[in-house]
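S.K.: Below, each chain spelled out in residue letters.
There are 2 protein chains.
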Amino acid sequence: MDRFYHAALQSESQRINLSVSESQHLVKVLRKKIGSQVEIINGKGGIATAEIQSLDPKGCGLWVYNYKQLPPASYSLHIAIAPTKSNDRFEWFLEKATEIGVQHITPLLCTNSERRKINLERWQRIILSATKQSKQVYKPLLNPLTPFPKFINQHTEMLIAHCHDKPKKELHTIPFSTNPCCILIGPEGDFTQEEIDQALNRGAQAIQLGSNRLRTETAGMVATHTWRLLADIAP
Amino acid sequence: MDRFYHAALQSESQRINLSVSESQHLVKVLRKKIGSQVEIINGKGGIATAEIQSLDPKGCGLWVYNYKQLPPASYSLHIAIAPTKSNDRFEWFLEKATEIGVQHITPLLCTNSERRKINLERWQRIILSATKQSKQVYKPLLNPLTPFPKFINQHTEMLIAHCHDKPKKELHTIPFSTNPCCILIGPEGDFTQEEIDQALNRGAQAIQLGSNRLRTETAGMVATHTWRLLADIAP
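Going down the list, the sequences are from chains A and B. So that you can map any letter, position 39 of the first sequence is 38 in numbering that gives the first Met the number 0, and since no number is skipped, the others follow by simple counting. So that you can map any letter, position 225 of the second sequence is 224 in numbering that gives the first Met the number 0, and since no number is skipped, the others follow by simple counting.
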């Protein structure tokens with residue numbers, strides 16, 4: 000069944016009006032008919048069946064029933080990653096990390112960042128589309144572009160992936176925990192030694208992601224999938 | 000040090016001429032000078048240092064020394080995957096699977112395949128570029144487009160990933176072995192039930208890759224990374 004997003008969906012909802020973008024998708028792309036059934040998610044674990052009552056590309060009306068609240072993932076992963084110079088590569092990361100399963104994404108502004116402007120609204124749409132496409136009911140939260148020093152001062156339990164020739168552990172050797180885990184991924188030119196030291200001083204652990212040199216967006220995706228797999232394998 | 004590819008490099012090599020494409024990259028993109036040092040790989044584990052002797056975009060000459068033969072990966076993975084309708088998405092898979100580490104890739108022609116023509120030469124270039132970029136010395140072997148029935152009749156030890164509601168195991172629960180492992184990934188419309196039955200009759204095991212519905216190219220990459228991680232974790 001085709002799936003649509005309505006952030007305000009809750010267990011008491013009886014009738015909802017879809018947003019303009021969701022309505023246009025329903026009417027103009029999928030060409031649904033009145034009376035057809037679809038699924039509605041609120042991105043926070045809520046899912047309901049709905050019947051199309053009115054077809055309007057500016058706001059379709061639907062009757063909602065059979066609301067269920069589904070449990071969250073067995074892990075909580077936050078990827079803080081410097082956007083790549085190529086916007087395509089970063090958007091690819093957003094899509095793939097969402098498909099695989101991540102809870103929070105923060106674009107990081109680092110010393111070596113080449114991209115310093117981002118289009119948060121477009122990225123939100125990519126994440127929503129990948130959430131629906133991969134049949135998930137929780138939508139990852141995307142934060143605004145955040146300077147590296149500000150980010151590390153606001154977080155704990157961090158793992159920082161870098162390519163400097165310094166002691167670090169393979170991510171897959173870090174004991175899995177259901178506590179929130181935050182993995183930092185640097186820009187194309189890597190984190191600076193100063194940034195790494197700042198993170199280590201805040202209690203972060205240095206990690207690597209295998210022996211091959213990975214592009215930023217690949218590192219973000221590999222970190223996401225490693226943590227997800229560690230959660231799946233955990234007893 | 001920048002890395003170039005020369006398939007014929009061997010331990011006895013003293014002087015080599017790079018191909019046109021590698022020479023153009025050396026001369027026109029990286030603007031190297033005579034006397035500069037670079038690395039040469041043969042894609043089969045051989046790596047040497049080289050000094051540029053002549054600059055010619057049609058064939059640079061290099062003196063080669065310090066040849067080393069490096070050991071292969073601790074696993075042997077073959078991904079047989081139906082090319083996606085969007086060429087970009089498949090090329091993305093080729094790049095990412097190469098970065099992460101795969102030994103053989105076969106594009107599969109399936110009943111539900113939407114893409115029936117491929118550009119093998121362009122795909123070879125993507126794989127070579129990702130091999131060099133990720134600092135690997137073994138280049139994955141890319142086979143021609145192969146019809147599904149032909150492929151499964153020529154292989155054993157296969158795992159087939161599909162989304163049909165039939166018994167299957169999570170890939171990460173399959174005991175890791177250093178024996179060659181071959182994972183089959185279907186097209187956007189999935190394998191047909193007939194194709195799955197053909198593979199099972201040939202002794203293949205049915206697998207899934209987590210609970211989220213993954214796009215073809217994501218499934219290929221997730222399968223590659225799961226097997227690589229199982230190899231890393233294996234005692």
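Just so you know, not all the hints are guaranteed correct.
[Claimed, not checked] Heads up, simulated BS3-like pairs for lysine-lysine below, C-alpha to C-alpha not over 30 Å straight-line:
(1) A:LYS84 <-> B:LYS134
(2) A:LYS43 <-> B:LYS149
(3) A:LYS134 <-> B:LYS134
(4) B:LYS31 <-> B:LYS84
(5) B:LYS165 <-> B:LYS84
(6) A:LYS165 <-> B:LYS67
(7) B:LYS149 <-> B:LYS165
(8) B:LYS67 <-> A:LYS167
(9) B:LYS165 <-> A:LYS67
(10) B:LYS43 <-> A:LYS167
(11) A:LYS67 <-> B:LYS168
(12) B:LYS134 <-> A:LYS168
(13) A:LYS67 <-> A:LYS167
(14) A:LYS84 <-> B:LYS67
(15) B:LYS31 <-> A:LYS31
(16) B:LYS67 <-> B:LYS84
(17) A:LYS84 <-> B:LYS84
(18) A:LYS167 <-> B:LYS134
(19) B:LYS43 <-> A:LYS168
(20) A:LYS67 <-> B:LYS167
(21) A:LYS134 <-> B:LYS43
(22) B:LYS84 <-> A:LYS32
(23) B:LYS67 <-> A:LYS168
(24) B:LYS67 <-> A:LYS27
(25) B:LYS165 <-> A:LYS165
Derived by calculation from the structure, the hints in this document are not laboratory data.
S.K.: Evaluate each hint against the coordinates.
M.R.: Do the hints match the structure? See the list:
1. Of the pairs offered as hints, the one joining A:LYS84 and B:LYS134 holds, with about 21 Å between alpha carbons and a cut-off of 30 Å not exceeded.
2. Taken as a hint, the A:LYS43 and B:LYS149 pair is broken in the structure, with Cα atoms around 46 Å apart against an allowance of 30 Å.
3. Taken as a hint, the A:LYS134 and B:LYS134 pair is broken in the structure, with Cα atoms around 36 Å apart against an allowance of 30 Å.
4. The hinted pair formed by B:LYS31 and B:LYS84 fails the criterion: a straight-line CA distance of about 39 Å is larger than 30 Å.
5. Among the hinted pairs, B:LYS165 with B:LYS84 is consistent with the structure: their alpha-carbon atoms are about 26 Å apart, no more than 30 Å.
6. Annotation: proposed proximity of A:LYS165 to B:LYS67 holds, straight-line Cα distance about 25 Å (limit 30 Å).
7. Between B:LYS149 and B:LYS165 the alpha-carbon distance is near 24 Å, which keeps this suggested pair within the 30 Å criterion.
8. With a C-alpha separation of about 27 Å, the suggested pair B:LYS67 and A:LYS167 falls inside the 30 Å cut-off, and the hint holds.
9. About 25 Å separates the Cα atoms of B:LYS165 and A:LYS67, which keeps this hinted pair within 30 Å; it holds.
10. For the hint linking B:LYS43 to A:LYS167, the alpha-carbon distance of about 29 Å falls within 30 Å, and the restraint holds.
11. At roughly 27 Å between alpha-carbon atoms, A:LYS67 and B:LYS168 fall within 30 Å of each other, so this suggested pair holds.
12. At roughly 20 Å between alpha-carbon atoms, B:LYS134 and A:LYS168 fall within 30 Å of each other, so this suggested pair holds.
13. Taking the CA atoms of A:LYS67 and A:LYS167, the gap is about 43 Å. The hint is violated against a cut of 30 Å.
14. Note on A:LYS84 and B:LYS67: the hinted pairing is violated, with a Cα-Cα distance of about 35 Å set against a maximum of 30 Å.
15. Note on B:LYS31 and A:LYS31: the hinted pairing is violated, with a Cα-Cα distance of about 59 Å set against a maximum of 30 Å.
16. Our distance criterion of 30 Å between C-alpha atoms is broken by B:LYS67 and B:LYS84, whose separation comes to about 41 Å.
17. Restraint check for A:LYS84 and B:LYS84: the C-alpha separation of about 27 Å stays at or below 30 Å, so the hint holds.
18. Only pairs whose Cα atoms come within 30 Å are accepted, and A:LYS167 paired with B:LYS134 is accepted, the gap being roughly 19 Å.
19. A distance of roughly 28 Å separates the Cα atoms of B:LYS43 and A:LYS168; the hinted pair therefore holds under the 30 Å criterion.
20. Proximity of A:LYS67 to B:LYS167 is assessed by CA-CA distance (about 27 Å); at most 30 Å being required, the pair is judged to hold.
21. For the hint linking A:LYS134 to B:LYS43, the alpha-carbon distance of about 41 Å lies beyond 30 Å, and the restraint is violated.
22. Of the pairs offered as hints, the one joining B:LYS84 and A:LYS32 holds, with about 28 Å between alpha carbons and a cut-off of 30 Å not exceeded.
23. Between B:LYS67 and A:LYS168 the CA atoms are separated by roughly 27 Å; this keeps the pair inside 30 Å, and the hint holds.
24. With a C-alpha separation of about 60 Å, the suggested pairing of B:LYS67 with A:LYS27 is violated against the 30 Å cut-off.
25. For a cut-off of 30 Å, the pair hint linking B:LYS165 to A:LYS165 is broken: about 47 Å separates their Cα positions.
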